[in-house]
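Please arrange chain B on chain A, whose structure you already have, making use of the hints.
As you go down the protein sequences, you meet chains A and B in turn. For the first sequence, my numbering assigns the number 1 to the initial residue and increments by one for each residue that follows. For the second sequence, my numbering assigns the number 1 to the initial residue and increments by one for each residue that follows.
Since the hints were derived computationally from the structure, they do not count as laboratory data. Keep in mind the model is a prediction, meaning the values are calculated, not measured. Take these hints with a grain of salt, some might be off.
Because identical chains cannot be distinguished in the list, a pair is counted as satisfied if it fits within a single copy or across any two copies.
[Unchecked claim] Straight-line alpha carbon distances no greater than 20 Å define the calculated EDC-like cross-link-like pairs of lysine to aspartate or glutamate that follow:
1) 62 to 222
2) 168 to 12
3) 7 to 377
4) 543 to 432
5) 478 to 447
6) 24 to 195
7) 543 to 530
There are 2 protein chains.
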Amino acid sequence: MINTFCKKPLWECSKTLVAVAQGKVPADTVIANARLVNVCTAEVQDGMDVAIAEGRIAYVGKADHCIGEGTQVINAAGQCIAPGFLDGHIHVESSMMGAGEYARAVVPHGTTGIYWDPHEVCNVLGLKGVEAMAADARRTPLKAMITTPSCVPAVPGFEDTGAAIGPKDVARTMSWGNVVGLGEMMNFPGILAGDDHAHGEVAETLRAGKTVTGHYSLPETDRGLNAYVASGVRCCHESTRAEDALAKMRLGMYAQLRFGSAWQDLPALAAAVTETGIDTRFAMLVSDDTHPHTLVADGHLDHIVRTAVDLGIDAVTAIQMVTINCAQCFQMDHDLGSIAPGKCADIVFLDDLEHLRVTRVLIDGEVVAEEGRALFDLPPYEYPEWVTHSVRLGRAITPETFRMAAPAHAAAKGAARIRAIEVLAGKTSTRETLIDLPALDGLLQSDIEQDALKAFVFERHRETGTFGAGFVKGFGIKRGAMASTVAHDAHNLLVVGANDEDMALAANTLATCGGGMVVVADGKVLALVELPVAGLMDVLPAKDMSEKVHALERAWGQIGCTMPSPFMTMALIPLACLPELRLTNRGLVDCTTFEFTDLLAE
Amino acid sequence: MINTFCKKPLWECSKTLVAVAQGKVPADTVIANARLVNVCTAEVQDGMDVAIAEGRIAYVGKADHCIGEGTQVINAAGQCIAPGFLDGHIHVESSMMGAGEYARAVVPHGTTGIYWDPHEVCNVLGLKGVEAMAADARRTPLKAMITTPSCVPAVPGFEDTGAAIGPKDVARTMSWGNVVGLGEMMNFPGILAGDDHAHGEVAETLRAGKTVTGHYSLPETDRGLNAYVASGVRCCHESTRAEDALAKMRLGMYAQLRFGSAWQDLPALAAAVTETGIDTRFAMLVSDDTHPHTLVADGHLDHIVRTAVDLGIDAVTAIQMVTINCAQCFQMDHDLGSIAPGKCADIVFLDDLEHLRVTRVLIDGEVVAEEGRALFDLPPYEYPEWVTHSVRLGRAITPETFRMAAPAHAAAKGAARIRAIEVLAGKTSTRETLIDLPALDGLLQSDIEQDALKAFVFERHRETGTFGAGFVKGFGIKRGAMASTVAHDAHNLLVVGANDEDMALAANTLATCGGGMVVVADGKVLALVELPVAGLMDVLPAKDMSEKVHALERAWGQIGCTMPSPFMTMALIPLACLPELRLTNRGLVDCTTFEFTDLLAE
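Just chain A, same shape as in the assembly (with noise of 0.2 Å):
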């Protein structure tokens, strides 16, 4: 595929190259004394200098014969040096960061690359907030590689969003340079039942020769997975058992092993490589959700590669596996993915191969990181009003709005049965949980005791007004209200809480400031992440999103919840493409059988 992130084509600096391999033309930098990463052969190569010109590799080798008057000279001084690494899959928007910032937080921990599915911000502002987003990212080195949105919305016909995306917008977008493929069909259902409006999205892409990126969460190996790589799809990030990571590198498809902030299956997927022995070109690490605090505590690809080895996967293995296996993946490897001639000049020092630490970037040849910190300017980018005002309610939202009235035989009663949505600690998964609710003066409440709060789905792109109501247990919480405009994937705006006073206060103060995350209780606002970004993000360094977010957790820990990032947790509660039950703006949906269900249980 042609390869729109570099400085130059190749066939437009070819000869430069050629010119500085042979010594005849001065490199413009040349990094010496290396042991070079050769992930090509998984090699540790001592003593080896790579000179570079044009963004690009000239020669690996000795290379005092590239050295001119003119040429920078990197003394690597025994350091390792890797390809740039990759990451296969992921949402820049989880990290509440713009682009831009995302790329000054990323950059420095060694990644060059990403392969970004920005389903987030198009589920809010459609192709048009994709693009405002990639505009910010341009103004930084990092290659924000984009693959369409397949799924938007993730669940049609069960919720609102700002956008719907289809074949023909898939079409347009592949002729788009920034565009490397179709982000993650998690529409696998409509795969497997042969949905024209899922296989056309393929199709489209697979005629434009990109790649189709995967979803597929069962546990199921056999059949539907068959399926479901039969129809093109050419990777996957969900796998959560090691048997299933292996099942899909067998069957040619690449195993993306992941280890975010929330969802980390790495520990237990691991030994797909560690204990088989495998070929491991198909197996590749991603993040796909990464949270400002983790960016900001651990790092990013180069913390999950340590993790990894940590997990037993020889050092090479693990750089390999976010670099020329990514590479490889997306049919990139001409250009990415590999420190060798002709190959685009991204390269990552790292102090050994034990505490993979790293020290230098380089992106196009350029030195970008160095010492944990970017060294690229980038001053707050100015997204356009449409995209800082996207929280379109289309009614007042007061106390009253959160009166929830129980059904005539109930309120005689003075309770009803209910199915509430239980939330789980780190999971993306949710359970049904039937509880008897009291019914009092005729209305359901929160009911503190069986930790049953009200959830409220505010559809918050098109004033439509609509909105679904149910009940959430797991989170704990003994006081106050939770409210979200990260809400995936229809990110319409989320509501949870004991009173409905602070309900409609956490509402209105996120319809206020054009979205975020906050936490109120007893009439104030306890804590507040603007995200005024379509609602998902801001245009903060990650260091301060971090301490924003830190802030919030601990405004959840006063209100009585233990749970870590439990706003992650709670994001999750409208994403009805995942089992088991779910609440959108449309009503409760039963996603194990895709269909809408009551509140009342009986």
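Relative to chain A, chain B alone:
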């Protein structure tokens, strides 16, 4: 890259595959109870079934649910199945057969796809000739993927050919569905020197997102090789030492380990893999040139895989080198090179992994060969008249044509010191040797005692009447003459002999029959291999061709030459891109300096 070599593009049949995988629609064919050589993970999986529909693999596992009334079930009975073998670099013309008969010869040996550089026919007939041969290939199931010849003529300015290829031709062919890349860029001196023509051809290929194949025959693996790789060349079959192949792989270049009829580098190269423990994904096995008798007696890629295993390469690793590694080199691994859902159902049955005997071959889901026999019908191909009448001499050839007047001082002395081309059995290179020849009656003569034979090359494409003359040493023949229109790469009419009368007879025999190879002695034709297709090939089956070539080899023996396949060695006498001294229709070429040189060494 979009692959046009399949029954249907995946996007036109993926719904069917998805249905078959789930047992909703019966498969066309099910292979049952096989040992699967899984090239994705480098494992062997026992008891596996494969379900096939629309020419593609729908399911891999236990496929009882895919069997319906109309399903053909092939019981593998525990035999191995591997992906169809791919030859990453090959010239069909060397087989002396048209592409149709070539396919019939190689498919039963497990070859399901070839990456074919048709530069022999292109030198004679241009791209029109390539298309004529491709049309012959299309009558067969073999996937004959074409790389546009890059070096026609091989050494511009030093020889006359029937056609010339430049960047514009390359650009034009890149839009052809059957062209997947650029043929071997033999002009590595041009690449290293920054030559516009060579770089232009590479650029047009890269711009089209296709693969540039290489030919770097220097034993230099530092600056020159780096420069060559940096230009965008992705693979090379010219390694003769293990360290060459290893150096290429380390630089991210696919090392194509060659084992053809005449050039058999694999034994010397295997150590690059067996003694290093490297990741072998950049290693391939290729044939380059295979003659009919090798195909009949030994086989094709099956024979090369067996040889690799004999040399200590693991069987599954060796099979990866003719399947997935090759498909990844050409970025066609989404369709070819593995037995996995969605891929073309190109499958080879092997008795076991020790003997590696091919027992059955499927291409696009059809059984196309069994027990060494092709099952597809192939009437003799009717090539048009311009293909079969390609020998166009601009002059009558008589014994007098071969008289070589000695210069005055040599005539006076009765002797002359001349530069002779010394050929070496089984080598592509020649040596320059000085010989003192008698000059009788003012004429230079072949000298049997010193094994010095006259050699003439007549232009035969455009009736220019030009010819070059020199002397050859090394064949050891005592009488008679040989002629050949297979005379790389310009394929002019080459005549070598002990006397002028037999040389004229040999030349005129070929001129009359449209080209071929002939041995004559004492005014009689001892053996003639007619090659009317471009003067390079016939339309006969491999067995017939093999017998004819055997007869030719015996005739060489009758006149004193004991070299194996001497006609091959002879055919390289004009190949001015290889060292050391060569003869073209324009004269003697010093191939170390790339200058014409004098016959007289004084």
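These are the hints, each one checked on the structure:
1. 62 to 222: between (51 Å within a copy, 9 Å between copies)
2. 168 to 12: between (33 Å within a copy, 16 Å between copies)
3. 7 to 377: within (18 Å within a copy, 52 Å between copies)
4. 543 to 432: neither (37 Å within a copy, 72 Å between copies)
5. 478 to 447: The answer is within: 9 Å in one copy meets 20 Å, while 110 Å across copies does not.
6. 24 to 195: So residue 24 and residue 195 pass the 20 Å test across copies only (14 Å; inside, 58 Å).
7. 543 to 530: Only inside one copy: residue 543 and residue 530 sit 15 Å apart there, 79 Å across copies, limit 20 Å.
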